[in-house]
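Visitor: Below, each chain spelled out in residue letters.
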Amino acid sequence: MDLLNALVTLLNFVIIPATAYGAQLALGALGVTLIYGILRFSNFAHGDTMAFGTMVVILCTWALQGAGITLGPLPTALLALPIGIAVTGLLVVGTDKMVYRFYRRQKAKPVIYVIASLGVMFILNGIVRFIIGVDDQRFADGERFIISAGTFRDMTGLEEGLAFRTSQGLTIVVALIAMALLFWFLNRTRTGKSMRAFSDNEDLALLSGINPERVVMITWLIVAALATTAGVLYGLDKSFKPFTYFQLLLPIFASAIVGGLGNPVGAILGGFLIAFSEVGVTYAFRKVVAYILPESMEPSGLLQLLSTDYKFAVSFGILLIVLLFKPTGIMKGKSV
Amino acid sequence: MTRTLDARAILLFALVAVLFIGTGFVQSWNTSLTIFNMGLVSAIMALGVNMQWGYAGLFNVGVMGFVALGGLAAVLVSMPPVGEAWAAGGVQVLLGLVLGAATILFAILAWSRLPAGRMRTLAMPVILIGGFFIFRYVFDAGVASVEAVNPAATGYLGGLGLPVILAWPVGGLLAAGGAWIIGKTALGLRSDYLAIATLGIAEIIIAVLKNEDWLARGVKNVTGIPRPVPYEVDLQQADWFIDLAARIGASPVTFSSIFVKLCYASLFIVVLLILIWLSEKAWNSPWGRMMRAIRDNEVSASAMGKDVKARHLQVFVLGSAIIGMAGAMMTTLDSQLVPGTYQPLRFTFLVWVMVIVGGSGNNWGAVLGGFLIWWLWIQVEPLGALVMQGITAGMDPESWLRNHLLDAVAHMRLLTMGVILLLVLRFSPRGLIPER
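Chains as they are written, first to last, in our numbering: chain X, 845 to 1180; chain H, 4 to 439.
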């Protein structure tokens, strides 16, 4: 019984939250890694692209709620998601035409793109703050829990409750669908294959008649969809605050690099690795251990490796270890 | 040095001077000097970034972290030591830190000395995990007793009680140390990795400053850092000062605050001039030519026998030291360390805009960018407010949109900076004063 209780506690506070967070990071890292694979630069504006997409979705959600349209038990934001993706898609394709295309024609060095992406980051940051402000916004509605702690206790008779929030379940389901779609697209469709060819060997791809501008545009559209989805899921799960999204840049980049920049499977692995380490290292394991060990050996401390304020240190630490020992990442990524 | 400044550069500097003098006439001399002093600090930060980017092409987006380390130095050097806290657990905290450092050193030694194999794979986690728990055991208890000492007023170890000017070089040293650790791991890999590693270290340094109360009181902030210049209150009572104010014809109160700002300005100008002189010397030296050769073609430079990684590490540490010094100066100017105010957009990316706009690879350009962009950063808000008032003048004063627009003016500066950065990068990528 105690072992079950320990397991439920672990599920409740570590495994479920980390899985949801990992899925969000993985979606974000997929966007970064795709840009890296096709356009060959680290997009510093990615966090703010996520914030922009989420903002559009929030505004649409409010409009829908105002009109009395909801999705019942599911959050209304799901209905608004396609609109958000479309608007963000327009934005990033527009940005590409106005900013990045020029440097592509010049064959500029990757670092110039990165600096340009800093400029884009500033502008997006400004736009988002301009429109929606800097404060926390909550936009989750519908049923809050799939299983609430109380129900679970009644059902099983265990001491510990297991709360499974709708946003967590939704994150996992939506992320799985998005990833499945992405891999289907990359591996099965003609356009997807041309993207992979372009990423693997640009010259050869150009030689075989692949239109680079088209590949780039489709990449941006996919990235917009991934970024908006990741942003909305994160916002539903936690809350929307522009600055938090900017800060997500670090764990997202860490995920992409740990997995191997330019490698989509690696980005997903990296996302979950970073999320599980972050949650695992900052969680106080006292309660779990107390259930497993006999009473006499109950620990006195919190058994928390690092305080939650240092969660960035975790992604950073993993990043450093990978850079030191395996600079191309777990799954072999590119290194230009 | 006259050789290095052509007519265009002098004209641009004159224009910036006009901006500051204009601010003095239109707003007030106090405002103008406040902006000018931070402009000086920004110019020094830009010099540091220019050294890394302009000389060597290294992409550091952790400027904020090095600035904060400099700020920490100001606290550690100049605040009076808290004797009680030292007695309560100071030694234990230090011992904990030494143990932590020893663990890492020991692990590195084990890694390099032991032959690869099962023995090493086993030894590493044992050393690291065991060391971590010993470190936490000693360190946590020490921290708890230090933080328990009068938490409302102190609750930290305090500093050394030395003159605050000493903090400037110390800030440089602290930042250099941080840079060395980062450079050791991330240099030599592709350029984006350095960017992301520095982005990470900056966030971690800020997290440490916010959470380690024993070090610099965390979010409770350290205020009242001693000044290197006189206090206004003392000036207003000094006879010579009242005489001076009377001779100029200003009220002693206003004049005292201007006088203090001028004192800061002269100190900062001295530092800036020394740094520019040194940077120009370095730029025109064989070392500077070698750095540029490495920047422009790493392969041929290393074929000529230059140790690219070591040179990169060197210039990265030097540039970070300059940024750290600027950080210490800024905290001295503010007389307080407020970890919550360190924002990457303001401290990292804005400095980048300064360097790119001013002219990467040109020390004078970086300095010009520092002054110009800082002035804009401050003045965009009142200018934006004016514009917004113009736009919204015809609207119903109660309307939601009008209030929203007026509130949003504060975010105009991010937008403006982004647009400026993109425009300069596109149409004048070499900046206002290009590299020669």
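No lab work stands behind these hints, which were simulated from the structure alone.
Predicted model only: the values in this text are computed from it and were never measured.
Among the hints, a few may not be true.
[Claimed, not checked] Straight line, CA to CA, 20 Å or less: simulated EDC-like cross-link-like pairs of lysine to aspartate or glutamate:
1) LYS953/X x ASP1044/X
2) LYS951/X x GLU215/H
3) LYS213/H x ASP1044/X
4) LYS953/X x GLU301/H
[Claimed, not checked] If you anchor each label on the Cβ, the simulated ranges turn out as follows:
5) ILE1021/X x ALA144/H: 48 to 54 Å
6) GLY397/H x GLU1057/X: 41 to 47 Å
7) PRO1138/X x ALA144/H: 23 to 29 Å
8) ILE107/H x GLN1091/X: 25 to 31 Å
9) LEU169/H x PRO1138/X: 55 to 61 Å
10) VAL937/X x LEU409/H: 28 to 34 Å
11) TRP403/H x GLU1142/X: 53 to 59 Å
12) ARG349/H x PHE946/X: 55 to 61 Å
13) ARG123/H x PHE989/X: 46 to 52 Å
14) PRO926/X x ARG349/H: 33 to 39 Å
15) SER1140/X x VAL101/H: 30 to 36 Å
16) LYS187/H x GLY1145/X: 32 to 38 Å
17) GLU1057/X x LEU389/H: 40 to 46 Å
18) GLU1057/X x VAL302/H: 28 to 34 Å
[Unchecked claim] Here are some chain X residues pointing at chain H (derived, C-beta under 10 Å):
19) PHE996
20) ARG997
21) GLY1145
Idealized CB from N, CA, C, for every residue including glycine.
Visitor: With 28 to 34 Å as the target window, see if GLU1057/X and VAL302/H comply at their CB atoms.
Guide: Cβ of GLU1057/X to Cβ of VAL302/H: about 31 Å, so the range 28 to 34 Å holds.
Visitor: Given the range 32 to 38 Å, decide if the beta-carbon distance of LYS187/H to GLY1145/X lies inside it.
Guide: With a Cβ separation near 33 Å, LYS187/H and GLY1145/X satisfy 32 to 38 Å, so the hint holds.
Visitor: Should the hint that GLY397/H and GLU1057/X are 41 to 47 Å apart at their CB atoms be regarded as holding?
Guide: At 44 Å between Cβs, range holds.
Visitor: May I ask you to test the interface hint for PHE996/X with respect to chain H, counting a Cβ-Cβ separation under 10 Å as satisfied?
Guide: violated, 34 Å
Visitor: For the pair supplied as a hint, LYS953/X and ASP1044/X, is the alpha-carbon distance within the 20 Å limit?
Guide: holds, 18 Å
Visitor: Between LEU169/H and PRO1138/X, does the beta-carbon spacing fit 55 to 61 Å?
Guide: holds, 57 Å
Visitor: Does the beta carbon distance between PRO1138/X and ALA144/H stay inside 23 to 29 Å, or does it fall outside?
Guide: Holds - the Cβ-Cβ distance for PRO1138/X and ALA144/H, about 27 Å, lies within 23 to 29 Å.
Visitor: Would you check the hint for LYS953/X and GLU301/H, treating anything up to 20 Å between C-alpha atoms as holding?
Guide: Roughly 14 Å separates the two Cα atoms, so the pair holds.
Visitor: Starting from the hint 55 to 61 Å, judge whether the C-beta atoms of ARG349/H and PHE946/X obey it.
Guide: violated, 28 Å
Visitor: Take the C-beta atom of SER1140/X and the C-beta atom of VAL101/H, compute their distance, and say whether it sits inside 30 to 36 Å.
Guide: Given about 34 Å between the Cβ atoms, the range holds.
Visitor: Just tell me: holds or violated, for the beta carbon distance of VAL937/X and LEU409/H against 28 to 34 Å?
Guide: Because 32 Å falls inside the window, the suggested range holds.
Visitor: For the pair supplied as a hint, LYS213/H and ASP1044/X, confirm whether the alpha-carbon distance does not exceed 20 Å.
Guide: violated, 44 Å
The structure shown violates the earlier hints numbered 2, 3, 12, 19 and 20.
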